[in-house]
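Fit chain to chain and form the complex, with the hints in mind.
Taken in order, these protein sequences are the chains called A and B. So in this note's numbering, spot 570 of the first sequence is number 1217, and the numbers just go up one at a time. So in this note's numbering, spot 276 of the second sequence is number 296, and the numbers just go up one at a time.
If you are wondering where the hints come from, they were derived from the structure by calculation, not from laboratory data. Since the model is a prediction, treat every value here as computed from it, not as a measurement. Ideal Cβ placement from N, Cα and C applies to all residues, glycine included. Please note that the accuracy of each hint is not assured.
Said to hold, decoys possible - Take a look, some chain B residues computed to stay more than 12 Å from chain A by CB distance:
#	residue
1	PRO73
2	GLY92
3	HIS102
4	PRO135
Said to hold, decoys possible - DSBU-like cross-link-like pairs, simulated, lysine-lysine; straight-line CA separation at most 30 Å:
#	chain 1	residue 1	chain 2	residue 2
5	A	LYS1277	A	LYS856
6	B	LYS37	A	LYS1151
7	A	LYS1277	A	LYS1304
8	B	LYS34	A	LYS1129
9	A	LYS1044	A	LYS1129
10	B	LYS37	A	LYS1138
11	B	LYS37	A	LYS1129
12	A	LYS1151	B	LYS34
13	A	LYS1036	A	LYS1276
14	A	LYS1151	A	LYS1084
15	A	LYS1084	A	LYS1036
16	A	LYS1138	A	LYS857
17	A	LYS1044	A	LYS1293
18	A	LYS1138	B	LYS34
19	A	LYS1138	A	LYS1151
20	A	LYS1129	A	LYS1151
21	A	LYS1293	A	LYS1277
22	A	LYS857	A	LYS1277
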Amino acid sequence: MSTKQEYEGPILECRNLSISYFTRAGEIPAVVDFNLTLEQGGSVGLVGESGCGKSTVAMAIMQYMGSNGGIVGGQVIYKGRDLATCSEEELRQLRGNEISMVYQEPMASLNPSMTLGTQLMEVPLCHEEITEKEAYDRAVQILADVNLPDPERVMASYPHQISGGQQQRVVIAMALLSNPSLLLLDEPTTALDVTVEAGIVELIGEIAKKFNTSMIYISHNLGLILATCDRVNVMYSGVVVESGSVEEVFDHMRHPYTKGLFSCIPLPGTDKLAHPLVPIRGQLPLPHERPSGCYFGPRCDFFEAGRCDQAMERGTTPMHEVTGRAGHTVRCERWSEIDWESYKPEGVVAHPSERGHEVLSIDNMRKYYELTDNSIGAMISGKRVRYVKANESISFKAHECETIAIVGESGCGKSTFAKVLMGLETATDGDVMFNGKDVAELPVQNRSPEQVGSMQMVFQNPFDTLNPSHSVGAQLARVIRKFGVESDPVKIENRVMELLDLVKLPRDFARRRPRQLSGGQKQRVGIARAFAGNPAMVVADEPVSALDVSVQAAITGLLMDIQHTYRTTLLFISHDLSLVRYLADRVVVMYLGQIMEQGTTDEVFAPPYHPYTEALLSAVPIADTSIQKKRIILEGNLPSVMSPPKGCPFNTRCPRKIGDICETQVPPFAEDHPGHIIMCHIPMADLRAVDPVIVQVDKDKSAAE
Amino acid sequence: MTDAVAGLPPRESKVIKYLKGMALIRESVVGMIGLGLIVFWVVMALLADLLAPFPPNATLYPLAMPGQFVEGMGTFWLGTDHLGRDILSRIMHGSRAVLIFAPLATFCAYVVGIPMGLAAGYRRGMTDAVLSFVANVILSFPVLVLYIIIIATIGASAVNIVIAVTFASAPGIFRIVRGLVLDLRSREYVFAAETRGESPWRIMLVEILPNARGPLIVDACLRVGYVIITIGVLGFLGLGLPPPDPDWGGMINETRQMAMSFPHMTIFPCIAISSLVLGFNLLADGLREVSLRD
Ligand SMILES: Nc1ncnc2c1ncn2[C@@H]1O[C@H](COP(=O)(O)OP(=O)(O)OP(=O)(O)O)[C@@H](O)[C@H]1O
Ligand code: SF4
Ligand code: SF4
Ligand SMILES: [Mg+2]
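So here's chain B without its partners, still in its complex pose (with noise of 0.2 Å):
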């Protein structure tokens, strides 16, 4: 209606806005790669169950070799584990779990780093004075300690790894996002926001941090990397998912004895995982490519 009043053309929609900034990607030949990376373990997940052609958890021909054919059952491309189930079913399932959970952990350890960081950077004084002090005590420990100590203390489950993530990552994205503030602070738009006598949330929410989405997503991606890696290792030291769901530390966990005889068990779990991180960092460096070229 008010489009009419006005006699202008309709509005875009913003989801469609922001596909097509997003689809500027494509002019970066390392992010498309990343992005193919993660969009394949995507479909994986989506259609484990169509395209396993096992069941993950069924115990079915034990020590398999990669690509054996075994009668009545079927070709193990990826072999089997020492229970006799499937590889490749396994860490297709498998990616449902870190595909969502990485993200997830993600999300939140920004849902807890940004409102601090905005704090700090915008209101600075005591109050970014003590922010500053915890995010850099919780960022003296060695990570991999941290992980430990927190999973060890309340226990390894889906919602404690993501407990665990957010504690340790919000001070990283804490740091980030303060000192982008400190920057976009000066600007004048904020200067005349003031003027106008705007609450600071409001000028932190919606006249700042939309200013600094660029440099957050780029990190974002990296960041759900290095928590891929993380759930990895915290599988690995039997920290991770409980077992008999298939994840993919867990998986690696479980044949490392075997690996010297039976690597097929291992490299193939490690491969899925490099190539999800590898995923998002090509993607990382795609995006910060696309955003710096103009």
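Same shape as in the complex, but just chain A (with noise of 0.2 Å):
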């Protein structure tokens, strides 16, 4: 296609490379002594928790470190030439021609107002002297590349009129136009639902085959880094403290840190009660007050005092070689000293919890939104008003201490729920009995303060859900009023306390401002803030998947003991099976606004599912070499629930649809053993007869035979 030369040997090397910040708070060393060879073909990840500075890495491989970073140390060396020496017109030249980036969100790099074709036109037009009919037939051939429908059709489309899954593949297809040596993905698929992210992984493993591409794959997910990736870097403050081939990193790790993150994620082995996850202790220090030696030091198990702590001429410790493993590299003093065959984190175990009295049942309800249609044609065809069903037929119940995970991606009406529930929108029909009364109509005003109380939501984002206006103390001591719980000042502080100290922080983070805290602490003064009215029942709406995975072991699990201290009913809502699978009872799977299967956590992971729960655990990236899952990648988008499809909602993408029943008539709720519910036309003996979707494979019978 183009006139690159020919060039043997590594694509990529970073050797010795220090990576700083220049802020008012003086230089800030983001990344220490980052050492990578990536061969041509091959695909390196980049894994390691946020701020751990893997985008920074990325950004010094493009050469640009934006206005206050630099390259303080080492070098970038690309086919053999060392970046440094190149001027700015040679690096355009190689940002243009060789190497390109993707980031996570696809609409930062696309151009609202012009059509996609231009967009992806533009680049070949602009660098190789080529006809607008070459350019337009190579965008259409890149787009069937990535897998896109109907590319003259995208071409036409602007990027709105797209999906946000199929814009990220236009990004990835623009990426590709030049075909370039190396391509940096910097966790392309995280503004994506699971379903998606699912054919996009497959496309980019495509990719490296077909066009023989390097890749460098930033991910903080460790099962996505197994299935897009040979080799591993483990990132750590700014630090690779572990680098070898998949396998061997994940199978035969050899650092604290890298055990300590597998520790953190719900495996399809961990299991609440018998194998709980385990949380890293203590914080990632930031850049400027980092340990010396190594820098793991203060979180780790095996610290050494007066040998891991030692200041070492690099800043840091020394990379050492895994004796016998080729390639293996770990930043730990220990290594060959530790137990790694016997050494297992600590955890706190759970206890089985009886599930006691109804508290919430749930029945037909549905919630329509109502809108008015303004244009010329809906006026003359008198269909003015139409309905958005954000939900419908929602029918289940929740006991007492219970856990009953809602799982659907993005806009399958998750959000509406919840909102109905709390009161801040009313159901349009249908019963929602709370505590024995009736609240589906009766909006948040309107309910007594106990009412109020005892139902409270923990949210999403961490840096949102706190006000940063106000001091944490205030936040908690408002709910504590408002909810009429106490009234007398004194009384009010030490609840506040009380509350501090249930979700484990110190009491003086009582003065502070929410700035002042990690995102994992105000998610746990978020927490604090719901069980503040000892309510009954707590609404989780994906309380842990903003944050990074030892955070996530550790708030899971302080409000999986908060629950079970005051046997407090948990909805827990969320995209992340394995997840839902760890701390789950029941589970709800929701699909544009209607369930789709219900049951115990067993009964939904296991046969008989119904085809979209299937598709869901196929597409679900699990960080375990000894998986293996079914491949089910669904085509088409997320109908609008503007215009549902008729029949079954998920007949337009159904891999398992048997025929025009599935089109007409809405499935039946089909009962497999009392509570497991399926909405779908295939007879249950059929579904019962599926394969499972997860299969756990003895690594060392298989390798025997």
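Structure below.
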């Protein structure tokens, strides 16, 4: 396609790279002593928690450090050339032709006011001497390569006319247009739904094969790294702590941090009773507060004073080769002394809890939003009022001390459902019995303080959940007063302290402003706020999805702990099926405002599945090399709730669709066991015969065979 | 008492905290220059009685040139006007009117504009449609024409200037506040307040407004500057504070016929106005710069 000279040897090398930002507070060493070798066609993953410097590395490779960043040591060598010696013009050429980058937010890379075709053709038209026709053909071809159906139509569309997943495909297509040798992907699927993510991940794998592109894949999700990369660098606080092939690092990790990370994520083997998640204690140090010696020292179970905290020549512990394992390196002084087979971080074992009386009973609840259409066409046809069916025939029950997970992708009506429960919207039809009273048509203003206090929410975004203008204590005190728990100032103050104790925060946090808290600490305050009125039920809307995995484990543990102590009912809204499997007692799967399947966790995670549940399960990335999954990629887009499909809501994307009946008739609620309900036309016997999606293969056995 | 119960360090006073926040302006050179100019004029206004060499309204020695020394009286550093009044003393005393009425008028405009913006942005729907319509109608008049119409109708006095400024500025403030609220209303802490059944006005005033204060403070500084110009222009048009009390705009107006032969009579009040306006603009720039940096 283009005239790139062939190059033998590694595409990219980073040698002892150190990158700093210069701010008011002085120099911030964001990345220290970073080494990486990327072979032709290889793919390296960078994984680590927020702020560990992943994006900084990517920007340094692009030589695009912004106004206050700079490479303070080491080299970036691309195809044998030190990029530091390149002129601005040469770098521009490189960025246009050789190195491409894909960001998290697809819309950030697309111009909303130009058709996608124009944007796609622009690049080759201005970089290469080709005709418009050639550029058009090439753009269509590349869109077909990224598996976009109907490329001609996409070419003529504006960005907002296609879905988020399709936008990200277009961005990837754009990055591939110049046939780059190196593709940098910075969290390319974080903004997308799991089923859409699965499609993009598969695409990324295909690209590597088809175009022989080398890739650097940045993610905080170990499961995605397993699915896309052959080597991985685990980063912690600006340094790579472990590096090796994906199998090596996942199965024979030799760094306590890597081990800790894996203990934080719910893998199919974890179980809240027998094998609970174990958070890593302490907090990620800020770049200027790193300890001397090993940066992980203060949080490490194997810390040895005098050795681990020794000041080192390079600023931190050097990399050590893991003997006998080629290409596997770790930044730990004691890796060879630790008994890795028997080391299991200690978790707090939860106790099984008896479920109590019925707290919530929802029967045939509907929520329609009314839209008035003022277009001329609507006026002529007389259909001026249209309904958006945000929730349709929702029925389920929740008991005391039970955790119910509501699972579904964005736009499936989870938030509407939460709003109806909380009284911010009133139901159009049906009953919502909460503690024996129907609250379906009772807006929050008309509920008594006890009723309001006994049903509260924990929100998703830690950066948004607390009001930045008021101190933590003031915000908690307000809730206590509002719910009528206490009215005497001294008692309120005491109750605030109790709540902080409850969520394991130091008491002087009451005086702090939210911006002085980390994400996990804010989320703890959010939990304290929800539990201020001794609630009977707490609705948690994706409470940990915006947090780092090690913090996630701590917050989930805390939530379960408090719930257990107070025998609270927990409605856990989430798209993370691994987490749901770990902590939920029962699961409700929603799609386009309707419940597709519900049952106990074991029932939902094993056949018979609803076809949508099956697809969801297969889409979840799992960071375990011994897991084999069925691959089911959903075609098409999520239909709009404005015009949902007739018959079964899932029929436009269902891989198991059995025929016209799916498009014409609403499927029945079929019951497998009592309480396990599946809404599908496929006979239950056929559904039962389906193979499980997730299978654990015994590695040693399969190796021996 | 409560602090002792909880074993917490004593609360820092709100005022001190706020001042500490404000002290960040030190980091902006531009902001410090602006602040310096404003402080200069505030000191002038406060100490005019002590510092001014002559009484502002006394007829002393007509048409003295700047720096002229007159036997038995002293030096007229900035000269005198056609009625023999000392220009320096008049400017110093004149700063009082500006520094009282410009911030006061701006404050009143905010008192009217903020609740309107909050209501429109938070409630949306009909409230927003009606308020936005009214604001747009007012904003569609040329500002100066609007001022002249108002003052001409209700008469020229200090209070009426405040009323006129409020009427003409509130719609602009309304728009800014409305925009900020539209963004802030979707934050989760607002949602949390709604789910615990807080009243709408509490949500607007306690949950939303404090988070909009940054941009509003910057806007207020700029706006005080505009209002100073407005008061000057009204004074120039003879619609300002009634004579003989010194008023910068009025001073220019009274002496403009002689500007060709005695430029100092008009130039010095002009410089006074511009320097104060510049002070507020620079302060606004400085505040914005500091708030953007982190
Ligand atoms: N422009 C900047 N100025 C100062 N410090 C910065 C700047 N950008 C990043 N940092 C700091 O550098 C460190 C690394 O940041 P970076 O964005 O590379 O992390 P990351 O691993 O990509 O995190 P995430 O997973 O949140 O994207 C962080 O401590 C961050 O606070
Ligand atoms: S060097 Fe020491 S503190 Fe660091 S990871 Fe290894 S054992 Fe833990
Ligand atoms: S009813 Fe038909 S379309 Fe719907 S899930 Fe079942 S098989 Fe698929
Ligand atoms: Mg990043």
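So which of those numbered hints doesn't the model satisfy? Of the numbered hints given earlier, those the structure breaks are 13, 14, 16, listed in rising order.
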